[in-house]
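Undergrad: Sequence:
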Amino acid sequence: MRYRYYLSGIILFSVLLIIIFSPLLLKYLVKRQLLNTFRGSTVFLENCVLKPTEFRIDNLKINKEKTYNFEIKELSIRFNLFSLLKRRIIKCRIEGGSLFINFSNLIDEFKNGINKSNLWRIETIEFKNIALNSEARDGDLKAYLFFAQLKPIEKLIHSLKLEISSLSFQRWEWKDMVLEIKEGGGGNLEVKSLSYGRLKWEGIKGLINYQKDKLSINPLLVKFLNGDIEGNLDLDWAKTLKYKFFLKISHFNLEELEKVFELTEKFKLSGKVEGNFIIEGEGLNFKNINGEFYIPQPGGTFIIQDTNLLKKLAEKSGQSFDIISESFRDYYFDKGLIKLFLEGEDLIFRFILEGEKGKRDLEVRLHNFANLKIK
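Numbering-wise (my numbering), the sequence shown opens with residue 163 and increments by one.
Some hints could be false.
Claimed, not checked - The calculated lysine-lysine pairs, modelled on DSS-like cross-linking and capped at a C-alpha distance of 30 Å, are:
| no. | residue 1 | residue 2 |
| --- | --- | --- |
| 1 | 317 | 213 |
| 2 | 519 | 430 |
| 3 | 434 | 406 |
| 4 | 434 | 497 |
| 5 | 410 | 478 |
| 6 | 226 | 337 |
| 7 | 374 | 304 |
| 8 | 189 | 228 |
| 9 | 410 | 430 |
| 10 | 304 | 406 |
| 11 | 421 | 385 |
| 12 | 374 | 449 |
| 13 | 362 | 223 |
| 14 | 367 | 313 |
| 15 | 344 | 253 |
| 16 | 344 | 304 |
| 17 | 290 | 410 |
| 18 | 344 | 189 |
| 19 | 367 | 226 |
| 20 | 253 | 226 |
| 21 | 323 | 410 |
To be verified - So the derived label-pair ranges between C-beta atoms look like this:
| no. | residue 1 | residue 2 | range |
| --- | --- | --- | --- |
| 22 | 465 | 406 | 34 to 44 Å |
| 23 | 348 | 479 | 54 to 64 Å |
| 24 | 348 | 213 | 32 to 42 Å |
| 25 | 316 | 209 | 47 to 57 Å |
| 26 | 484 | 401 | 56 to 66 Å |
| 27 | 348 | 398 | 11 to 21 Å |
| 28 | 291 | 213 | 16 to 26 Å |
| 29 | 398 | 313 | 14 to 24 Å |
| 30 | 403 | 483 | 43 to 53 Å |
| 31 | 403 | 380 | 26 to 36 Å |
| 32 | 223 | 530 | 28 to 38 Å |
No lab work stands behind these hints: they were computed from the structure. Predicted model, so just to flag it, every value in this text is computed and none were measured. Idealized CB from N, CA, C, for every residue including glycine.
Whole structure, please, built from the sequences with the hints as guidance.
TA: Structure follows, in structure tokens:
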């Protein structure tokens, strides 16, 4: 067995010597290998340089229409004799250029278009100054990668600075996001706006702690409905993506809530809210939403303008429509409690209010909350 390794090493070393002194042959072999790996694509490379422990390509372009387009100013690969025998690359460095991927076609491409037998394992990948663009059936991405060092075999991000101008996926939409992870796991996050359906969070800032397949942001500061949110976020993607928010709200404006959920024709709301809530989910689905919000003095207004809702309240309470209608015509309360929770696909708001006209206890149900669309 040892003899075979020695023989293979001698052969590889001899081939390397031949190629080092034959640039045209090297360029031909590299292009042929890339065409064999990325089947059906066009490949252009300006220059190739091979040294005993390093290989470099200048101005590399690989394109397959409607699937991917890679334009790389410099690609360098570091190796040694032992790593070559193990079909491993010590470090791959990509600097300058742009990467475009159409994820809608990528799955079929990976199954049929890419020759996976030609792919080697890479210990470290480094990116520097790369423009990123992608398209998919459910969303797209426009970003700029200042730098990144990844450990694919260990599934680890060593360091990263990424600026995302826009990112959308299904019901989520990010705008102007900067993510930085430093060596050791610390980092920062800033997002101008994040939307989910009709909900919109702005001015997001946080301190990051990253450890392999887990990431936490604490503290996390957010602007929501003209109010302030402070809390923390835990992400875990060891098996599937799981997340948990704990958030504390202050100066939350009920009038903004009325606008966001298009309740103006049904309700007239006012008042400032404070409280806590938790959001838990898996993948892109909410599993739990639960919160309690207090409305301190001087309170606010809660007026029902929806005739159908007033009729349902009258039937449920056993009182006449006129009595129920009058009780919610001009209802001012001194203090109140709002409970928020998820029930199936529906988001429930329960209002418990107290004022001069007495106590009110009412539920508002937003049906099929998970499928709300951005307006």
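Undergrad: Which numbered conditions among the earlier hints are violated in the structure presented, ordered from lowest to highest?
TA: Going through the list in order, the structure violates hints 5, 13, 17, 18, 19, 25, 31, 32 and respects the others.
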